Structure formats: C-alpha cells, structure tokens
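Letter by letter, the chains look like this.
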Amino acid sequence: MKKFIINVLLFLAFLIIYFLHSNLFVWFKIAGVMPNLFVILVLFIGLYAHKYMGVIYGIVFGLLLDFFIGKKIGVTAIMLGIVGLVGVLFDKNFSKENRITLIVMVMITTVIFEIGEYLINYFVIRQPFELIPFIQVLLVECIYNAIITIILYPLMQISGNKIEKEYKGNKILTRYF
Amino acid sequence: MYNKKKYGIAGVIIAIIILIILFFLTNIQNSKMSYFENVANKVVMPIQNGLTFLKNKINGNSTFFANVNNLKQENENLQKKNTELAEKLRELESIKAQNESLKQYLNLKEKYSDYAAIPADIINRDISNYSKNIVINIGTKDGIKEGMTVIAAEGLVGYITSVTDSTAKVQTIIDSSSSTSALLSTSRDSIVCKGILNNDKQLKAMYIPMDATVSQGDTIETSGLGGIYQKGIYIGTVEKVENTTDLTNRYAMVSVAVDFKKLETVLVITNK
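Line by line, the protein sequences give chains A and B. Using our numbering, the first residue of the first sequence is number 1, and each one after it goes up by one. Using our numbering, the first residue of the second sequence is number 178, and each one after it goes up by one.
Some clues are possibly wrong.
[Claimed, not checked] With a straight-line cut-off of 25 Å between C-alpha atoms, the simulated BS3-like cross-links for lysine-lysine are:
1. Lys-72(A) x Lys-2(A)
2. Lys-265(B) x Lys-29(A)
3. Lys-381(B) x Lys-29(A)
[Said to hold, decoys possible] Residues of chain B clear of chain A, computed beta-carbon distances all greater than 10 Å:
4. Ile-197
5. Leu-279
6. Ser-308
[Said to hold, decoys possible] With the Cβ distance kept under 10 Å, some of the chain A side facing chain B (calculated, not the full set):
7. Ser-22
8. Asn-23
9. Phe-28
10. Ala-31
11. Phe-67
12. Glu-114
13. Tyr-118
14. Pro-128
15. Glu-130
16. Phe-134
17. Leu-138
Derived by calculation from the structure, the hints in this document are not laboratory data. Please read these numbers as outputs of a predicted model, since none were measured by experiment. No residue lacks a Cβ here, since even glycine has one placed at the ideal position from N, Cα and C.
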C-alpha cells in the first residue's frame, strides 16, 4: 500500500512539474532559460527508489513529455531513461547524504541529458549545431538546477529516505562499512 | 397692636410700589432692555447649550438603538446587491475577454481573407530551452492536417508538425531547427531565414545572393518555395546586415513580426 502511495505521489510530482514548466517557469526564466525539474525528479527516483524504477520512470515520463510537446517521440524518453540509470550508478558509488554531492550529481545529469537530447535531435531531425549558444544555455540551466536542488534538498532528503526505507529496507549504511 | 397695623400698611404700600414698577417695566420697549437680556444670556446660555447638547445626544442615541434592526436589514440588502454587482462585473469581464478574442479572430480573418482559415488558441508552450514549439487547441476533428501553415495577425508563426484529435503541435519559425524560404520584398531576392537557439525575437537570414542589396528596414515575406508556406506571408524586417569578407557568407538579422512571448491566438490556413 505504501509503495502504491509513493508511486502515485511520484506521478503527481511529475504532473505538478509539468504544469510549473508550461505555465510558471515561462515567467521565471534566468537569462531566458528555464530549469529542468524533470531531470531532478528522475535522478531523485534513481537515487532513492528501487534500481529499475529510475529507468522505468525516466522512460515513462519522457514518453509523456514527447507526446505532450516533443518534436520526435522517444527522444526525451531515451534521455530521461539514461538519467534514471545514471542515478542508480551514482547511488552505488557515491553518498547522497551530502548536499554538495547531490548538487554535483544534478549538474552532471543535466549536462548528460541536454547534450544527449541535442545530439539525437541533431542526427534525427537535422537540428543545426550551434555550439556557443548551446553551451551558454546549458551553463545557465545547470546553475538554475543547482539552485533549485539547494532549495529542495531538505524535502528530497526526508522524502528520499522514506522511499529508500520502503524499497531498500534499513540496510542503507551497510555498504559503507 | 399699633405696631401690627403699622407693618401691615407699609407692606401694602411696598407691594403697590413693586406692582407699579412692574407695570412700568412691562410697558418699556424690548430694545431698552437688551443690556440686561445680554447679561442674562451670557450667564445662562453656556449651561443651556450644554444641556441642549446632552439632550440631543440622548435623543439621537435612542433613534440609533431604535434603527439597529433597520440598519441590519439595509446592510444585508446592500451586501446582496454588492454580490450581484460583482457577479455581473465578472460576467462582463468574461464577455469582454471573449469579445477581444473574437475581434482578434475577425481581424485575422479580414487580413487573410484569401485563405480559408480556422482560428485557434495556444494551449501549451515548449518546456525545453532548446526548442520553441507550441500546441494549439484544434486537431483532426477540425480538419487540421500536418504541414498546414499557422499565422497570426502580425505575420507568420510556423507550420503544423503533428496532429491529434483535438490538438496540434506547431513548429515555430523561431525554432532553431526551422528554415523558412523567404523573399526580400523590395528586391525580390530569395533568402532562407533560420531560427536561433537562444533568441526568440530574431531570425538569421542566410544564403543572400551576392548581387542582392539588403538594407536595414527591408521587409521579408514567404517565397512559397519548399511547399510548406503560402507565398506572401509577412515574416519581419531586416534589423542588421552583417557583411563578411566573403560575400557568400554574409547574413542579416531579421526582427520577427510576431511577438511569440505574447502570442495567444493564431489562424491555421487550411487551403494551399
């Protein structure tokens, strides 16, 4: 039952983020750039939930985004799936109890997601490659995502620990000793 | 005995004298008595005023208490009226917004009367920083198909890339993967306008013929080449010409006519 509620809440979080992106963030851009909360959400699932959940949620959320507004179906799904996978890898190799580590993880996954999506679009839909504007936008987006992670960190820690307890049990620290 | 008679006669005489004085006083003109009157007034009036004030106050209060119920009733009626008026105001505002929207549709239809077009509202904008697609609220049920041109009152918006039953995705001309075949209105030279990744207001006009003369303020419209857009739809004006040493590489920055940030209503051209 608890797992069901967790899944419902995660889906609800996706919908809230979607509406924030399509309505609110249009007015809260930094240098014309919006943050990417979907990356943070999928990374969060990959870090704290069951190891396949990050990938599955990444693909499902990505597909929905592609259906809603994407240029090609599947591009966002692939990249968010990869973000979920990276989340699992980060969870195996690094401690997410540290705020700085988590911020760095968010920035790295943002870079991976955007570069991957841009390259796929470049090859699939022949989107022109504009390196300097792309880097400019990517840098601002990374900083924006880092700021949002700092703000959301306490919430991520509390809810993440509860999800982790439910999916992984109370054996969280055993691997560090 | 003698004394008693003596005091009795004196009392009668004094009484008669007082009566005679009073008789004379009552027959004297008022004006001649004003001095005394003033003195009396000066002594009495402040007290009289104070008492009158208190009396009035008490009278007023009693009226207030008597009217509390009436006031409550009146207040309720006014609140009711206020609610009704607020409701009417909301209705009027809604009608006003609807009217504005219909006016926009009408203006659009009049402007592009040669084309059969369907009006639509923008219901979603791209959530990515790297693309600038929009979603409109009409789809296959309304006769919308892929490849149809989308315009606004100011000029060209883009074209339909995918359609569902009730929505359609539009690739805007400012999207970086968009290339629009265009004409310089004055010289009729063909150019290609491309979207710029981090710019919502300008297009990059490329492949300008070497012998073409491009100057600031030149208007740009669709050429009709490529088969996506109809000919002659306004795109924008040349804002800046960037001359390079090699003439083949020169380009111009085109200021887009449509303000994509504020765009709410569009028209989809259904005939080619």
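Cross-check of the supplied hints:
{"no.": "1", "hint": "Lys-72(A) x Lys-2(A)", "result": "violated, 35 Å"}
{"no.": "2", "hint": "Lys-265(B) x Lys-29(A)", "result": "violated, 37 Å"}
{"no.": "3", "hint": "Lys-381(B) x Lys-29(A)", "result": "holds, 23 Å"}
{"no.": "4", "hint": "Ile-197", "result": "holds, 102 Å"}
{"no.": "5", "hint": "Leu-279", "result": "holds, 24 Å"}
{"no.": "6", "hint": "Ser-308", "result": "violated, 6 Å"}
{"no.": "7", "hint": "Ser-22", "result": "holds, 5 Å"}
{"no.": "8", "hint": "Asn-23", "result": "holds, 9 Å"}
{"no.": "9", "hint": "Phe-28", "result": "violated, 13 Å"}
{"no.": "10", "hint": "Ala-31", "result": "holds, 8 Å"}
{"no.": "11", "hint": "Phe-67", "result": "holds, 9 Å"}
{"no.": "12", "hint": "Glu-114", "result": "holds, 7 Å"}
{"no.": "13", "hint": "Tyr-118", "result": "holds, 6 Å"}
{"no.": "14", "hint": "Pro-128", "result": "holds, 6 Å"}
{"no.": "15", "hint": "Glu-130", "result": "holds, 5 Å"}
{"no.": "16", "hint": "Phe-134", "result": "holds, 6 Å"}
{"no.": "17", "hint": "Leu-138", "result": "holds, 8 Å"}
Hints 1, 2, 6, 9, counting from the list given before, are not met by this structure.
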